[in-house]
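Undergrad: Given next are the chains, with one letter for each unit.
Number of protein chains: 4
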Amino acid sequence: MKKLLTIIAAMSVALTAFGQIIETHTLHSNVLGVDQNYNVYLPAGYNPANHYPLIVLLHGLSDDYTAWQDRGRVDWVANELIESGECVPFVILMPNAGNADIHAYPNGYFNVPGWSYEDFFFKELLPAVEAKFNCGGSKGQRAIMGLSMGGGGSVVYAQHHPDIFSSCYAMSGWLDNEKREVWADVPEGSKFPATSNSVADNSAIKYVKKATPETLERLKTVKWFVDCGDDDFILYLSLDFYRAMRDAGVPAQLRVRDGVHNWEYWHLSLRWALPFASRNFSI
Amino acid sequence: MKKLLTIIAAMSVALTAFGQIIETHTLHSNVLGVDQNYNVYLPAGYNPANHYPLIVLLHGLSDDYTAWQDRGRVDWVANELIESGECVPFVILMPNAGNADIHAYPNGYFNVPGWSYEDFFFKELLPAVEAKFNCGGSKGQRAIMGLSMGGGGSVVYAQHHPDIFSSCYAMSGWLDNEKREVWADVPEGSKFPATSNSVADNSAIKYVKKATPETLERLKTVKWFVDCGDDDFILYLSLDFYRAMRDAGVPAQLRVRDGVHNWEYWHLSLRWALPFASRNFSI
Amino acid sequence: MKKLLTIIAAMSVALTAFGQIIETHTLHSNVLGVDQNYNVYLPAGYNPANHYPLIVLLHGLSDDYTAWQDRGRVDWVANELIESGECVPFVILMPNAGNADIHAYPNGYFNVPGWSYEDFFFKELLPAVEAKFNCGGSKGQRAIMGLSMGGGGSVVYAQHHPDIFSSCYAMSGWLDNEKREVWADVPEGSKFPATSNSVADNSAIKYVKKATPETLERLKTVKWFVDCGDDDFILYLSLDFYRAMRDAGVPAQLRVRDGVHNWEYWHLSLRWALPFASRNFSI
Amino acid sequence: MKKLLTIIAAMSVALTAFGQIIETHTLHSNVLGVDQNYNVYLPAGYNPANHYPLIVLLHGLSDDYTAWQDRGRVDWVANELIESGECVPFVILMPNAGNADIHAYPNGYFNVPGWSYEDFFFKELLPAVEAKFNCGGSKGQRAIMGLSMGGGGSVVYAQHHPDIFSSCYAMSGWLDNEKREVWADVPEGSKFPATSNSVADNSAIKYVKKATPETLERLKTVKWFVDCGDDDFILYLSLDFYRAMRDAGVPAQLRVRDGVHNWEYWHLSLRWALPFASRNFSI
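Residue numbers (this note's numbering), protein chains in the order written: chain A, 1 to 283; chain B, 1001 to 1283; chain C, 2001 to 2283; chain D, 3001 to 3283.
It should be emphasised that the hints constitute simulated quantities derived from the structure, not laboratory data. For clarity, every value in this text was computed on a predicted model and none was experimentally measured. A hint or two may mislead.
Straight line, CA to CA, 25 Å or less: simulated DSS-like cross-link-like pairs of lysine-lysine [said to hold, decoys possible]: (1) A/Lys179 <-> A/Lys123; (2) B/Lys1220 <-> B/Lys1209; (3) D/Lys3209 <-> B/Lys1179; (4) D/Lys3210 <-> D/Lys3223; (5) C/Lys2179 <-> A/Lys209; (6) D/Lys3179 <-> B/Lys1209; (7) C/Lys2179 <-> A/Lys179.
Using the sequences and the accompanying hints, generate a full structural model.
TA: Shown next as structure tokens:
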């Protein structure tokens, strides 16, 4: 055989090639005392000799670091938007804040007793990934976004560190958890109560309402985007967060499209979120 | 334990419940001499006592009847559009025109020597599915659509049977194959040449160019939609088909969005294709 | 000269022909004691021998019956959507609830002492227009929509008469006016306080919150759509109305796009509003 | 009276304030021997001490320099996109290539005997506007776009000067005029034949087909976007131009949406065109 089948080959390339630029890596965390996996998306033609902006992309409660690729096909959207020029080439970091063995470790992005995830993220994971992939490194070169628990995580991380993120995009964000009682009857020994309480303790809404003028000025240095489906069971959290921001004079975008708390919504959200991050990058 | 975790439960429902209304069935074909699988999408609350319109949804060359669900997540889009009222509830039939063992059977939607797929579809599959699921049954209650090889199949089926489909939506359609030479070096015994030739022999473009005034009048009873990505390697086929239709005076819609020949494009196309089919249904 | 310039002619047709199907008419109102103008949009090929569904389209506070055409170019959008099949052909009624001489007559859609506009609309205008243009006539053949003061008017009219409208679409709705004090210093003799008070007295939000189960059941027979820009100065009214509806178990759509309280937003809203009305028509 | 009516005032600001940043100016042209008007759009907060990128926005055959504002409401779209951050602030130049007295001067963007418009544009207008408003000045700070005759003008200007425009966006472009015969019977003395012939003589399609490898390399330094409605009477010109570019290996975007040759289409096109120009600006 001398030739390949032209059409079959073209189709195969179109259908499969993009999947190859998602890589899984493992970092040992001294803070957590365990190894932690993460995925990275590297744009077509990625060259470690060049520097890239970084998007941190956080998953939700019942998922882990594989979800944005395996369920959300972030590569499809990122490839298309970069190829057409709607986005600059960037690296995407997808950390792991989900744990199959819920009795062993809590889920979530915040510090809870015995599991200082936020410390791990900022002290270990972010620096390691930025060094390894030559990306991020400054406020103008970093964005953060996520869905549900990761939407809440994105906002709280950007609230805690407005000096290091240029933009923050929250999809269907779990931005508060005022009523903790739903967690009363979980299996003994489960770490879910820790997760639940950590969201309440890190309420993104209360953070804005209680912010000092100085804090509000710092929040204004970040570009904020709130996005939630009209039939989402936690829509009110997004609306309340947006109102808190607006009432406090911190500019933010709000979008409500048709949809519920599912991957169809989040997959589509990427079409707004990635260009939003991209155009807010600066040197 | 007395209670479920409210949030976890809600998330799980949102994330998983929609997948359960895709069913796989098998029909023995006397025409083909083999069993043939197919998938059906049944809308939420499907009740066999009620009658539903039918959408026939055709897959592409390197896929089979599972692709629209497993790779294209048709259920996500259909569920959302029906729930919001943008579409009426319908049944979707996803036939099988792909075969893993390419040495045994050809792919494709047309009759080739020894494999009369088009006969199977119209004489066996369509009647069986309509009877089994109480759907379709008349021109006003049937639509057809598909991608790539299935885009071509959709158009040709509607050309051959304008009296039984109310609308036809072709995504990235393989609408002609004038140069047959790319198939010269396939493995001995493969059925790919039969597929390739069948597309050339059933050119949707030539069909329009050669149509008599009477045929054109019949084509005008179908609503046509042509949709292809600007970077698709077979874009020109869609453009040429649209021009042939327009030059012949047969109304058709044309859309070119950003994109290539991949599932990101086709998944998004469903947002136009399903409402298009839905609003062209009639009683 | 024997021929027209083909291109010039084609351009002129494309650019100007659509504007001709907006008609202005006048109806004498016994209820109000004055003549009242209104505009109607008649679809291409309008034939009074055929029956058409009717869309009632309400203007905002500082406008009158000419605004949807002259500022919002409703004809452009309606023509395109009907031509492409996204909408069925319909008649649009654009009533007048604005008055240049604010000392003589109040603005607004509600009954105020000496100016029973709501009575005029339902007892005189709607029947006259439906008879004159052979349109509407039943719940399944009527929709209502509007912007700002007209968004509030649409919702309240559909609340008062859920039996005669199939759908209601509110853009940037003035849905309540709890604080009446802003009206204290208007020019003596102005009718603005009457308008202001009428919106407070006809709060669409309080109507839902106070509704009996029977009333809620009647509201569920209407399809509701709430649409407002994220930077609109009265966004919270739309959010509060949607929450009241959702909390009461009455299905409604919510959309928040980018934008403020202006014609760019409303012109774009027509692309959702008109198809929403169209697909909720029934015979 | 001590207070303004809050709501009325807010509405008035929202509705009218944006119109004030369109300015009309006049430049005497030594090349043409007449005064020439032009409009400029200045972004909110425009400050002549700052430098801005420049978008050149060309009108169509039966219009003049006022059309993009008066009929296309470019200010609405530009204001919104800049405010939301989808576009950087820019100046828009709207030149005049239409003349009410067609017996006196030809329309169009090209040099014809006795009317060297292209020379006027590049030698007089562009330098004068860039100096006066502190904008443009380099390839990375200039974009060009237009509709119909102005779509063709945009492409040809960028073909002639790929070194000075970073991007070019053609809407419904009059990109060729192969058949000149339609102009045979125009009124004696009219300048329309000159316009018609100038489009044929400056065919954007033939320019690409005949381009040398060196020319093609220069064309690749510009970002190209082709956009036309599927029912536009000159759609084929856009399709042929795109195919010529693709066949020649010059990357270009193509979009075909629903629509005809009218202002609804072009107004919506601005939502793609302005961000496209904006993200292709560089320093």
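Undergrad: Hint by hint, which ones does this structure get wrong, listed from lowest number up?
TA: When the structure is compared with the hints, numbers 1, 7 turn out to be violated.
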